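Student: Take the given structure of chain A and dock chain B with the ligands to it, following the hints.
Number of protein chains: 2
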Amino acid sequence: MITVTIIGAGNVASHLYRAFNDAKDVTVKQWYNRTYSTISSYANEVDCIDDLNQLKYADIYIMAVSDDSSASLSRALPFENRLVAHTSGSVSIHDLDKKNQRAVFYPLQTFSKDAELDFSEIPICIEVTEKENLQFMKDLAEALGCTPYKITTEQRQTLHLSAVFVNNFTNQLYRIAHEISDAKSINFDILKPLIMETARKVQHMSPYMAQTGPAKRNDKKTIKRHLKLLENEEHKAIYELLTASIKKTHGQR
Amino acid sequence: MITVTIIGAGNVASHLYRAFNDAKDVTVKQWYNRTYSTISSYANEVDCIDDLNQLKYADIYIMAVSDDSSASLSRALPFENRLVAHTSGSVSIHDLDKKNQRAVFYPLQTFSKDAELDFSEIPICIEVTEKENLQFMKDLAEALGCTPYKITTEQRQTLHLSAVFVNNFTNQLYRIAHEISDAKSINFDILKPLIMETARKVQHMSPYMAQTGPAKRNDKKTIKRHLKLLENEEHKAIYELLTASIKKTHGQR
Ligand SMILES: NC(=O)c1ccc[n+]([C@@H]2O[C@H](COP(=O)([O-])OP(=O)(O)OC[C@H]3O[C@@H](n4cnc5c(N)ncnc54)[C@H](OP(=O)(O)O)[C@@H]3O)[C@@H](O)[C@H]2O)c1
Ligand SMILES: NC(=O)c1ccc[n+]([C@@H]2O[C@H](COP(=O)([O-])OP(=O)(O)OC[C@H]3O[C@@H](n4cnc5c(N)ncnc54)[C@H](OP(=O)(O)O)[C@@H]3O)[C@@H](O)[C@H]2O)c1
Numbered sequence: 001m002i003t004v005t006i007i008g009a010g011n012v013a014s015h016l017y018r019a020f021n022d023a024k025d026v027t028v029k030q031w032y033n034r035t036y037s038t039i040s041s042y043a044n045e046v047d048c049i050d051d052l053n054q055l056k057y058a059d060i061y062i063m064a065v066s067d068d069s070s071a072s073l074s075r076a077l078p079f080e081n082r083l084v085a086h087t088s089g090s091v092s093i094h095d096l097d098k099k100n101q102r103a104v105f106y107p108l109q110t111f112s113k114d115a116e117l118d119f120s121e122i123p124i125c126i127e128v129t130e131k132e133n134l135q136f137m138k139d140l141a142e143a144l145g146c147t148p149y150k151i152t153t154e155q156r157q158t159l160h161l162s163a164v165f166v167n168n169f170t171n172q173l174y175r176i177a178h179e180i181s182d183a184k185s186i187n188f189d190i191l192k193p194l195i196m197e198t199a200r201k202v203q204h205m206s207p208y209m210a211q212t213g214p215a216k217r218n219d220k221k222t223i224k225r226h227l228k229l230l231e232n233e234e235h236k237a238i239y240e241l242l243t244a245s246i247k248k249t250h251g252q253r
Numbered sequence: 001m002i003t004v005t006i007i008g009a010g011n012v013a014s015h016l017y018r019a020f021n022d023a024k025d026v027t028v029k030q031w032y033n034r035t036y037s038t039i040s041s042y043a044n045e046v047d048c049i050d051d052l053n054q055l056k057y058a059d060i061y062i063m064a065v066s067d068d069s070s071a072s073l074s075r076a077l078p079f080e081n082r083l084v085a086h087t088s089g090s091v092s093i094h095d096l097d098k099k100n101q102r103a104v105f106y107p108l109q110t111f112s113k114d115a116e117l118d119f120s121e122i123p124i125c126i127e128v129t130e131k132e133n134l135q136f137m138k139d140l141a142e143a144l145g146c147t148p149y150k151i152t153t154e155q156r157q158t159l160h161l162s163a164v165f166v167n168n169f170t171n172q173l174y175r176i177a178h179e180i181s182d183a184k185s186i187n188f189d190i191l192k193p194l195i196m197e198t199a200r201k202v203q204h205m206s207p208y209m210a211q212t213g214p215a216k217r218n219d220k221k222t223i224k225r226h227l228k229l230l231e232n233e234e235h236k237a238i239y240e241l242l243t244a245s246i247k248k249t250h251g252q253r
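Chains as they are written, first to last, in the UniProt record's numbering: chain A, 1 to 253; chain B, 1 to 253.
Chain A on its own, in the form it takes in the complex (with noise of 0.2 Å):
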């Protein structure tokens, strides 16, 4: 069995939490958190504390914190030598402090307090220090039913900006429809099944397989009638640029 305590109790904190309680080889030591009315409710079924020193013996301390206050809080824990992870795309794992074991338990998938999301698909990317945590770190992983990938500090940096692109931008373009289609008194949900089904697409196919449209075809009748459209000047420039990067991609130049 094992032990696992959790530190913080913000949207990766709160998901971890459950997941790691329904784990059947995974027992939730502790739940540490600063401000104690967030985990309160938790009190009969796990160890809800907060303070630092209160925290007991746990075979992984995992800090799912702010990614500017690892740093100090690892310095706060008050014991050596014992395995404390991280769970942030961007924060290096040096920046924990050596006098314990450290590692990075970095799930990529995007986290909010009420949405539900089934842990099993999400990927799990994994760092160490000392080389001999790396296969418990795994275990882990696993013992949540998730996919364990051992990356390098680059790695995980780049998939953080990569992130970026496919769900913060991403879900931009969705935000940029919604605004050009509320203008015109369309419903939005007539976009969500096309949506999906791009998202889908590329379960299967390379994104760049799954291309198809205007900038693809070089279809400039097409490219500057949606231009005339757009009648917001940074829409424009998106268009214009995507447009563009496109083109290139399928050596419409």
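Hints should not be assumed to be uniformly reliable.
Negatives, chain B to chain A, calculated, CB over 10 Å [unchecked claim]: (1) T3; (2) D25; (3) R34; (4) D47; (5) F79; (6) N133; (7) L134; (8) A141.
Simulated crosslink set (DSS-like; lysine-lysine; CA at most 30 Å straight-line) [unchecked claim]: (9) A:K221 with B:K29; (10) B:K29 with B:K99; (11) B:K192 with A:K247; (12) A:K221 with B:K113; (13) A:K236 with B:K99; (14) B:K228 with A:K247; (15) B:K113 with A:K216; (16) A:K221 with B:K236.
Quick caveat, the hints were computed from the structure, so don't treat them as lab data. For clarity, every value in this text was computed on a predicted model and none was experimentally measured. The beta carbon of each residue, even a glycine, is placed where N, CA and C say it ideally should be.
Tutor: Using the frame of chain A, we list chain B with the ligands on its own:
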């Protein structure tokens, strides 16, 4: 029983043929394509033709042909005052020859010949020149299990433009993430669950509410590091433009 004749045999026409063939209230009367070999393997289940003069009466003729050929093809049809529709997001309904009653049956989805699609999830955008055909067009969409939406020409063009943002441009962001991660020997599979979840999230939440990440938080340190990681000038420009767009949307300026 509604009788439908399909004209064309590309991505959309092949899916429409299969869907109408499966619909219990619809019979496919004939299937026309200028290139007979594309449809010949269906000759045992439907009357396949490559000569417009062999067209028999049907309640509707659906032309799913290239945007730039629908006008001339509609003129070449050897009959008058019947119902003729095209399936395009951008061609005007008035491009169809007015010797026939005209309609638009625009399925807002991305079609590839091989990819399986659940037709029941496809919104069908409908336009008609004769008001009395509106209910028929709606019935036709519903016979496929689709949701019909009556829209104007301007709305259809705006939807087509919005579709470019959520489909073609989003897919190009996937492509860029593929390039960035490939360059560091990262398996693109790691990003696939995030791609799915990003699309899933906006099915029940507005893109505005769903946004997260460094741009929304105005996390200057991460943005700077990401820009340093990007080696390709075009990727950098896209990062900067979409980051600015997110900041603007979320009041970070
Ligand atoms: N959200 C995602 O989609 C996602 C995905 C992958 C990885 N991550 C990473 O996971 C980590 C947590 O992200 P999150 O979204 O869960 O953050 P979050 O929802 O903002 O939660 C942050 C947590 O950190 C605690 N905290 C903040 N400053 C602290 C300090 N100085 N001392 C002690 N605790 C402090 C907060 O405590 P209070 O409750 O007292 O405020 C809160 O419990 C980050 O490294 C993030 O990069 C996030
Ligand atoms: N693909 C999509 O995702 C999608 C989505 C919504 C709407 N649409 C619209 O649906 C229509 C068809 O698109 P598609 O993707 O199915 O096209 P496609 O796969 O390229 O197929 C085009 C069809 O048109 C025929 N054709 C082309 N020029 C012709 C001409 N001069 N005379 C007679 N037939 C001609 C082709 O015949 P041959 O087989 O002989 O070449 C082929 O059967 C377009 O208006 C498009 O805008 C497409």
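Student: Are the hints correct? Go through all of them and say.
Tutor: Status of each hint after checking the structure:
Separation of T3 (chain B) from chain A is adequate, the least Cβ-Cβ distance of about 27 Å exceeding the 10 Å criterion. For D25 (chain B), the condition that its CB be more than 10 Å from all CB atoms of chain A holds, with the nearest at approximately 22 Å. Listed as outside the interface, R34 (chain B) is consistent with that label: its C-beta sits roughly 20 Å from the nearest C-beta of chain A, beyond the 10 Å cut-off. With a least CB separation of 30 Å from chain A, D47 (chain B) remains clear of the 10 Å interface cut-off, as annotated.
Every beta carbon of chain A lies more than 10 Å from that of F79 (chain B), the smallest distance being close to 29 Å; the non-interface claim holds. N133 (chain B), annotated as away from the interface, keeps every beta carbon of chain A farther than 10 Å; the closest lies near 21 Å. Non-interface status of L134 (chain B) relative to chain A is upheld: no Cβ of that chain comes within 10 Å, the nearest being about 17 Å off. Every Cβ of chain A is farther than 10 Å from the Cβ of A141 (chain B); the closest lies at roughly 13 Å, confirming the non-interface assignment.
As the CA atoms of K221 (chain A) and K29 (chain B) are separated by approximately 34 Å, the hinted pair breaks the 30 Å bound. A distance of roughly 21 Å separates the Cα atoms of K29 (chain B) and K99 (chain B); the hinted pair therefore holds under the 30 Å criterion. Simply put, K192 (chain B) and K247 (chain A) have alpha-carbon atoms about 24 Å apart, close enough for the 30 Å limit, and the pair holds. Straight-line distance between C-alpha atoms of K221 (chain A) and K113 (chain B) comes to about 25 Å, which keeps the hinted pair within the 30 Å bound.
With a CA separation close to 38 Å, the supplied pair K236 (chain A) and K99 (chain B) exceeds the 30 Å bound. Pair hint K228 (chain B) plus K247 (chain A) holds up; C-alpha atoms about 25 Å apart against a cutoff of 30 Å. Proposed proximity of K113 (chain B) and K216 (chain A) is supported: the alpha carbons are some 17 Å apart, at most 30 Å. Of the supplied pair hints, the one linking K221 (chain A) and K236 (chain B) holds, its CA atoms being roughly 28 Å apart against a limit of 30 Å.
When the structure is compared with the earlier hints, violations turn up for hints 9 and 13 and for no others.
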